Amino acid sequence: MTEATEFKAESPAREAWRMFRRNIPAVAGVIMLTGIVLATLWGTFFYGGNPYEIVWAPHEPPGVTPEFPLGTDYLGRDIFAGLVAGGGPTLAVGAAAAAITMVIGVSLGALAGFYGGWVDNLLMRITEFFQVLPTLLFAMVLVTLFSPTLFTIAMAIGVVSWPQTARLTRAEVMKIKELEYVTAARAIGARNRRIIWTVILPNAAPPLIVSATLTIGVAILFEAGLSFLGLGDPNTMSWGLMIGSNRAYILDAWWPVTFPGLAIFLTVFSVSLIGDGLNDAFNPKLRER
Amino acid sequence: MTPSYLLRRLFYGLLLMLGVVVLNFLLIRLAPGDPAVVIAGEMGGADEALLAAIRADYGLDKPVLTQLGIYIGNVLQGDLGQSFFFNQPVATLIGDRIGPTILLVLCAQVISILLGVFLGVIAARKPNGVLSGFVSVFATIGYAVPVFWTGIMLIILFASVFPIFPVEGMQSVRLRDAGFMIRALDVAHHLVLPAFTLALIYLAQYARLSRASMLEVLGSDYIRTARAKGASERSVLFKHALRNASLPILTVAGLQFGNLISGALLVETVFNWPGMGRLAFDSILRRDYPTIMGVLFFASAMVVVANLLTDLSYRLADPRLRGKS
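Quick mapping for you: the protein sequence lines, in order, are chains U and Z. Read in order, the letters of the first sequence are residues 1 to 289 in the working numbering. Read in order, the letters of the second sequence are residues 1001 to 1325 in the working numbering.
It is worth saying that the hints were derived from the structure and are not from the lab. Predicted model only: the values in this text are computed from it and were never measured. Glycine is no exception: its CB is placed at the ideal position from the N, C-alpha and C atoms. Honestly, I wouldn't trust all of these hints.
Pairwise CB distance ranges (calculated) [to be verified]:
1) U:G117 with Z:N1128: 45 to 51 angstroms
2) U:P207 with Z:S1220: 24 to 30 angstroms
3) U:I188 with Z:I1070: 56 to 62 angstroms
Here chain U is said to cover these stretches of chain Z; the calculated rule only asks that three of the stretch's residues, wherever they fall, bring their Cβ under 8 angstroms from a Cβ of chain U [to be verified]:
4) 1224-1235
5) 1276-1284
6) 1313-1320
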C-alpha cells in the first residue's frame, strides 16, 4: 500500500462542461438548436422549394396535401419552404447582432470598469442615455433611416442592445481588478492593455458567455419583431415576415402565423435553455436553487 | 430624501431629454439625402415651396450649430415640427395618443408585478415544489415567446373559440355616446387582451426574480426570529420577507420600463390599439420623420419619468438610502 492516491485537479472549464452535460434541459436545448440549424441548412441546400413561389391553392390546411406538410399561406405559397428559407437569415441576424452587442458592450464596459474616474463617468453617462431610448423604437428609426439590409438590421439591434452587457462587464472588471493576480501581473511589468485582455477578461468570461447566449435569443426576437412590422430586409424571407404578411388573414387560417411563431419560440427557447445551463455550470453556488 | 437630491435627479433627467433632442437632430442629418426632403417625408414629390418652407423653419441654410439651436428652441416651445403625412403638428398627434399608451403600459406593469410577485412568493415557500418548477419553466417560456405572436394567438383564440373579449381597438363604436362609466368599462373590456399579452413576458420574469430574491431573504436570521416569535406563515412571507426582497424587484421594474414600451409598440400594432406605437408604425411606413422623432422623444421622456419614480420609490422602500444622496 505504498501508492499514494492521485488527486487530479480539474480545470474550471472541464468542470463546467461536466456540469453542463448532466443538465438535462441544457442538453435538450443543444439538441433542439442543432436540429433547427441542421433543418435550415438542409432546407436551404436540399429542399429547394422557392418560398415566394405560388405553388398551390391559398390557405391549404396543414396535413392535407403531402407535398405541403404545413399547408400554404394566403397566396398559396409553401409554408414549410418559407420556414426553412427564413431560418437562415433569422439565425444569422440574431448571431451577428449578438456579436456586435458583445463587442460594443464588452469594450466599453471593460474600459469603464478598468480605468474608473472620468472615463467611467463619461462612459456610464452614455450607457444611461442609451438605456433611456426605447430599444425597438430606436432600432426601427435606425433601420428606416439606413435602408433595411441584413447588415443594417444586425447593426441597429447591436447599437440599441449593448448597455446591459456594458454594465455587466464593468461590474465584473471592477471586481476582478482588485484581485491579487492582477497586482501580480502588474508587478511583473504587464501593461494595462495586456492586463485587460489576458488577465481580467478571461477571468470575467463565464458571466459574459452566459450573457452572450441570452443576447442571441433577445436579438432573434428583436429581428422577428422588426420583420413582423415589415421593417426587415425586403429581399429575404424570415419568420417574422411570414407572420407579418399573413396577419390580416388569421381568422381564416391559423397555420400560416402559427408555424413561424413556433419556430421563433423553439429557437429562442433552446438558446435560453443553453444559457441557463451555462449559468448553472459556471456558478456551482446557484445549483441548489 | 433631501430636496437637493430631488432637484439633481430632475436636472439630470432634463439633461437626458436634451440628449434625446440632439440625437433626433443628428439622426435626421445622418440620413442619406437632403434633410429638407427627409423631413418632408415620402410625399411623392414635395414641391419646392414646401421644401423652402421647411428650410426656413429649421434654418437649414444656416450653420449646423445654429440649426441645432433652432431645433432645441422649437422643442422647448413644444414645437416638435409638422407631420406632413397627417398634416397636423406632431405635438397634437402625440397628445391624442399618449393616453392610451400610458394606460396600456401601466396596466401591463401592474398586472405583471402583482401576479408575478405573488407567484414568486408562493413558489419560494417550497423551492423544490411543483409550483417552483412551474415558475421556472414558465419564466423560460415567457422569455422565448415573441410578444406579437402571443397577441395573434390570443386573437385567434378569443375571436373564434371564446368570443368574450374584443380583439381590436379601444372602444366600441356603438358606445361612443354612452355615459362615462359605461365608456370606461368598455375601454377596460378592450384592454384585457392587450394588457395581458404585454404583461405575460414580464410576469414570468418577475415571478422568477421574486422567487430567487425571496429564497435569499428567507434564509436570514430575522426570518427565523419572526418565525420564532410565532408570526403566521402569511405574515412572515408577505410582511417580513417580501419587504426585504422587494428591492431587486423594484430595480428591475424600473429597468424594464423601456422594454415594456418597446413591447407596447408591437402589441398596439397587433390589437389596433390607438396609441403611440401605432402612430410610430404608421409614420415609419410613410417615412414621416418629424412624427417618428416626436414619438422617440416622448417615449424616452416616459422612460426618464419612470426611472425617476423608481429611484424615489427605491428610497422610500429602503430606509438605509434615505439620508444619502
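- Message: When the structure is checked against the list of hints, which entries are broken? Sort them ascending.
- Response: 4, 6
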